[in-house]
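Asks: Okay, here's what each chain looks like letter by letter:
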Amino acid sequence: MSEEKSEVKAIVTPTKLVYQFSAIGSHAEFLKAISEGKLVGERCPSCKKVYCPPRGICPRCGVETPEKVDIDDKGTVTTYCIVRVPSENIDLKLPYCAANILLDRSDMPIMALIQECPAEDVRIGMRVEAIWAPEEDWGPTMENIRYFRPIDEPDVPTEEMGDWY
Amino acid sequence: MRDVAILSFAQTPYKRRESERTEVQMVLSVVTDAVEKSGLPKSDIGFTCSGSSDYLAGQSFAFVGAIDGLGAWPPIAESHVEMDGAWALYEAWIKIQTGMCNTALAFSFGRASMGSLPETLNMQLDPYTLGPLGIDSISMAALQARAWLDQDNHTERQMAEVAVRSRKNALNNPDAQLKGDFEVEKLLSEPYLIEPLHKHDCPPITDGANAVVIAAADAVPSGANPVWIRGIDHRIEPHQPGFRDLTQSPSTKLAGEKAGATRLDIAELHAPFTHQELILRDALGLDDDVRINPSGGALAANPMMVAGLTRMGEACREIWAGRAKRALAHATSGHCLQQNLVCVLEGD
Amino acid sequence: MAERCAVIGVGQTRHESKRIDVSQVGLVREAALRALEDAELSWTDIDAVVIGKAPDLFEGVMMPELFLADALGCSGKPMLRVHTAGSVGGSTAIVAASLVEAGVHERVLTVSYEKQSESNAMWALTIRMPFQQGIVAGAGGFFAPLIRSYMRRSKAPEDTGIRVALKDRLNALKNPYAHLKFPDVDFDQIASSPMLWDPIRYLETCPSSDGACAMVLSSEKPAKQASKTPAWVHATSMRTEPTMFAGRDQVNPQAGKDAAKDLYAKAGITDPRKQIDCAEIYVPFSWFEPMWLENLGFAPEGEGWKMTYEGATALDGDMPINMSGGVLSSNPIGASGMLRFAEAANQVRGEAGEHQVDGAKVALGHAYGGGSQYFSMWIVGAEPR
Numbered sequence: 000m001s002e003e004k005s006e007v008k009a010i011v012t013p014t015k016l017v018y019q020f021s022a023i024g025s026h027a028e029f030l031k032a033i034s035e036g037k038l039v040g041e042r043c044p045s046c047k048k049v050y051c052p053p054r055g056i057c058p059r060c061g062v063e064t065p066e067k068v069d070i071d072d073k074g075t076v077t078t079y080c081i082v083r084v085p086s087e088n089i090d091l092k093l094p095y096c097a098a099n100i101l102l103d104r105s106d107m108p109i110m111a112l113i114q115e116c117p118a119e120d121v122r123i124g125m126r127v128e129a130i131w132a133p134e135e136d137w138g139p140t141m142e143n144i145r146y147f148r149p150i151d152e153p154d155v156p157t158e159e160m161g162d163w164y
Numbered sequence: 000m001r002d003v004a005i006l007s008f009a010q011t012p013y014k015r016r017e018s019e020r021t022e023v024q025m026v027l028s029v030v031t032d033a034v035e036k037s038g039l040p041k042s043d044i045g046f047t048c049s050g051s052s053d054y055l056a057g058q059s060f061a062f063v064g065a066i067d068g069l070g071a072w073p074p075i076a077e078s079h080v081e082m083d084g085a086w087a088l089y090e091a092w093i094k095i096q097t098g099m100c101n102t103a104l105a106f107s108f109g110r111a112s113m114g115s116l117p118e119t120l121n122m123q124l125d126p127y128t129l130g131p132l133g134i135d136s137i138s139m140a141a142l143q144a145r146a147w148l149d150q151d152n153h154t155e156r157q158m159a160e161v162a163v164r165s166r167k168n169a170l171n172n173p174d175a176q177l178k179g180d181f182e183v184e185k186l187l188s189e190p191y192l193i194e195p196l197h198k199h200d201c202p203p204i205t206d207g208a209n210a211v212v213i214a215a216a217d218a219v220p221s222g223a224n225p226v227w228i229r230g231i232d233h234r235i236e237p238h239q240p241g242f243r244d245l246t247q248s249p250s251t252k253l254a255g256e257k258a259g260a261t262r263l264d265i266a267e268l269h270a271p272f273t274h275q276e277l278i279l280r281d282a283l284g285l286d287d288d289v290r291i292n293p294s295g296g297a298l299a300a301n302p303m304m305v306a307g308l309t310r311m312g313e314a315c316r317e318i319w320a321g322r323a324k325r326a327l328a329h330a331t332s333g334h335c336l337q338q339n340l341v342c343v344l345e346g347d
Numbered sequence: 000m001a002e003r004c005a006v007i008g009v010g011q012t013r014h015e016s017k018r019i020d021v022s023q024v025g026l027v028r029e030a031a032l033r034a035l036e037d038a039e040l041s042w043t044d045i046d047a048v049v050i051g052k053a054p055d056l057f058e059g060v061m062m063p064e065l066f067l068a069d070a071l072g073c074s075g076k077p078m079l080r081v082h083t084a085g086s087v088g089g090s091t092a093i094v095a096a097s098l099v100e101a102g103v104h105e106r107v108l109t110v111s112y113e114k115q116s117e118s119n120a121m122w123a124l125t126i127r128m129p130f131q132q133g134i135v136a137g138a139g140g141f142f143a144p145l146i147r148s149y150m151r152r153s154k155a156p157e158d159t160g161i162r163v164a165l166k167d168r169l170n171a172l173k174n175p176y177a178h179l180k181f182p183d184v185d186f187d188q189i190a191s192s193p194m195l196w197d198p199i200r201y202l203e204t205c206p207s208s209d210g211a212c213a214m215v216l217s218s219e220k221p222a223k224q225a226s227k228t229p230a231w232v233h234a235t236s237m238r239t240e241p242t243m244f245a246g247r248d249q250v251n252p253q254a255g256k257d258a259a260k261d262l263y264a265k266a267g268i269t270d271p272r273k274q275i276d277c278a279e280i281y282v283p284f285s286w287f288e289p290m291w292l293e294n295l296g297f298a299p300e301g302e303g304w305k306m307t308y309e310g311a312t313a314l315d316g317d318m319p320i321n322m323s324g325g326v327l328s329s330n331p332i333g334a335s336g337m338l339r340f341a342e343a344a345n346q347v348r349g350e351a352g353e354h355q356v357d358g359a360k361v362a363l364g365h366a367y368g369g370g371s372q373y374f375s376m377w378i379v380g381a382e383p384r
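Chains as they are written, first to last, in numbering that gives the first Met the number 0: chain E, 0 to 164; chain C, 0 to 347; chain F, 0 to 384.
Since the hints were derived computationally from the structure, they do not count as laboratory data.
Note that the Cβ used here is the ideal one computed from N, Cα and C, for glycine as well.
If you want a taste of the chain C side facing chain F, the calculated C-beta under 8 Å gives, among others: (1) Pro-73; (2) Ala-76; (3) Glu-81.
Simulated restraints on C-beta separations: (4) E:Ser-34 / C:Asn-224: 44 to 54 Å; (5) E:Gln-19 / C:Asn-224: 36 to 46 Å; (6) E:Glu-28 / C:Gly-179: 32 to 42 Å.
Quick list of in silico lysine-lysine cross-link-like pairs, DSS-like style, CA-CA up to 30 Å: (7) C:Lys-178 / C:Lys-36; (8) F:Lys-17 / E:Lys-8; (9) C:Lys-257 / F:Lys-223; (10) F:Lys-265 / C:Lys-41; (11) F:Lys-256 / E:Lys-47; (12) C:Lys-198 / E:Lys-15.
In isolation and in its complexed conformation, chain E is listed as follows:
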C-alpha cells in the first residue's frame, strides 16, 4: 500500500515479424549477372525503352519485357542532391552526393553515390563511371557497385539528355 503507482502513459510492445523474399525472374537474372560484374537490362517491346535494373515489365506500357540488353557501367548525372544530414541506417561521411545517373544504353536513371570528388563539384550532365568492390567481395547485390566517380569526358549538354532534363 505504501508504494505509489505512477500513471501509465505508454507501453512498449516489441514485435518481430520475419519475411522471406525470393528473387524471381528478371530480379534473379539481374542479380546473377551483377554477381559476375555485369549489368543487364530489359527492353520494352512496345516503347523500346531499356530498364536497368529490370523488373520484368514496362511500367509505362504494362507489358512483359523478355529482351535482355547489356548495360554499360558508365553514365551521366541527370540531377543530384548533397546530403548533409545523418540517417539512421546510412553510414557515410557527410556531406555526400546522391545522384540520379543515366547509365549508357539504359533509359532510366538509377540513384547512386558519387565519390572521389568534392560533393559541390558534381554537375548535371557530368560523366561518371562505376567503381566496383573487389571481385572477391561480389555477391548477388547492387552493393557490388560501391559508388560512381567522375571521368575525364566532356559534360553532356542538357539538350542531349532527352527525357531526363
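With chain E held as given, fit chains C and F onto it using these hints.
Replies: Just chains C and F now, kept in the frame of chain E:
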C-alpha cells in the same frame, strides 16, 4: 441507382507459394486477362481500385509497385483500399453510381507466403489491449469456434462436414489449392491444431491475385455476358471480442437484408474457418437448397486481401456456366468475422 | 446524376511531434468529435465512416481501422479504409464524397490520422529490401534532386524556397492547431538554417507530426439545414501514374496536370488564377509551391516562382496559397491531405479564423503522394454548383 454488371473475372491459380512471378507480374497477368475478357479496350476503363496490405508484403507502400503492372500511362483515375479486393469493387461500384465513370477495374493481390500469416494477423488486433497478448489468428478463430460449439448442440462433426464438402467441391475448380476426397471420421480422429480447431477447420495459406471489370448498363459492350449486381452492402461490428456475440454475425445479416439476399441458387461465402460458414449461413438464413461454395471457398484457397473478391468471381463463374441464375457473394475482414460484405448477383 | 455533396463539419487535433496524452483512439476521436460538434450532429446521425492513413507500419498496427471502428461509432455501419500514399487524406475525403454523390448515404464521417510516435516511421520507410537499390539519401534525398531539376529548368532565384517557407511559417502563427511555430521567424533565420539535403534547408522542410483531421459530408438536404455555411463540393479528381519509367517527368508530372484539367472542367473553371480565390496545396518542401503552381495551371511552366516572389501567394496576395501554414507547419502524413481539403472547405465557409481570406468563395484543396505520382484534389464553393 444505376444498373451495374460484372463483365469479366480473372485470377491466378492459387498456390501455397508463387515462385515464378513477382507480385507485379501476377497483377499484370490478371488485369490483362480480365480486361481482355471484358470486351472493353483498356483505354475505356474509367476507374481502377485495388485492395492489398502492406503488412502482408512486409513493406510500406507495397501497392505502389503494383501500379507498374497496369500500364498506367497516360495517367489513370485510381484509388486503393487497405482492405480485401471486395471493398475495392465496392468503391468502384460507388464511382459508377456517381456518374463520374461508366466502367471500372477492381483488383487485389496477396503474397502471404513471404511471412508467417497467423503472427502477422496478430498485428490486426487492438495494439493496447489485445495485440500484446500475442494471440494469433487461429487462436482467435478457436475462441469463436468454442463459443459456437457450446451453443445449441453444435458439433465438431458439423464443422468437419463443411471441410469435406468444400475440398470435394474444389476438385472441380482448377484454380483451387487444397482439394480432395476426405472422410469426416478420419478427419475427426486427427489431433487438434488449436482446440477445438483441427487442421481441416482452417484455411490454407495462399498466394494469388484476381481482377474484375464492371460496367454500367449503358456501357456493357455487345456480345458481353453481364452478371448484374442487384445489391451490395457492407457492415462492421465492434473489434473487441467481448463486445459482441461471437456465435452470431449481425453485420452479415444486416448487409444481406440491405443487399436483398433472397431467392438464391448458390452462395459463395468467405468463411476461412469451418464454423464461420455455419455462422454465416445462419445469419443469411440460407436453407439447404442453396448450394454453398461450389468453388470450394476459402477452405480450398484463402489468399489474404483477395479471397473476398474471389467469391464474387466464383459466383459469376457459376452463373456464366449456367449452373445458377441468382447468387450471393460474401467477403469478410478482420478477426472472427468482424466486417462483412454481401453482394447479390444475377445472370442476364 | 451525381447528388450534391457538402462539407458541414470540420475538425482537427492539435498537431505535435508526440501526442503522448492520447492513444490512437483518443486522437481520432478528438478530430471526429470536433467535426461532429461543428456539424451539430451526433454519432447516431452518421451513416458511414471512411478512414484514411498512410502506411500501417508507421504505427505498427495492420489495418488499424478495424480496432478504431469501436471508437468511431462504426458498429452496424459501413466502414472503408483508404490508402493512397501521401495523397491519402485527399483521396479519403473524395471516397467519402463519392458515397454521398452516389446517393448511397446522407451523412458520412471521414477521418484521417497519423501517430508516427507510436512506431518508428524512419525505420518503416527505410527497411532495406533485398534485391532493390539501397536508398542512399533518405526521404528528402528523393525529392531534393527533383527540386534541383526545377531550379535549373526555371532559372528561379535561389531564395525562392526561403520566401515560400517564410510565408508559410508566418501563416502558421495565425493557426491555433499548427505544429511548428516560430514567433520570430524571418528570412535570415530560414536562410541560415542548416542544409539537410542540399538544396533543401532545415526550415524549408516539413516536420513529422501526430495528428488527425475529420469532416462530416452530407447530401443537399442536411447541408441546407445546417446552421453554419456548408462548403459545396464542386468537383473532385484523382490521377495516378507509375513511380518511374523512361521519359517520366517527375518535376511536372502528367498525372497532376491531368487531374487539374479534369477538376477544372468539372467545376467550370477556365482561368484558375482568376476564378479560384485561394488554394491549400501539399508542399512538404518549400520549393514544391512554385512547382505545383505550374502543375496546377496557376502559372505558366517555368514561372511559378514569380508568383511566390511577387507576393501573390501571401495571405493578402491575389492568389493566397497555404493559408494554414501548410504541410511545412503540420504534417501528420495520413491526415496531411485531408487538412488541405478541410482548410479549403473552412475558407469558403468563412470559418478559417485568423487566416481567413476575405470573401473566399471558391477554394482548391490538393494532395499528392508516392514519387509525385498520386494526385487528389477538390474544389469547394460557398454556393452550390
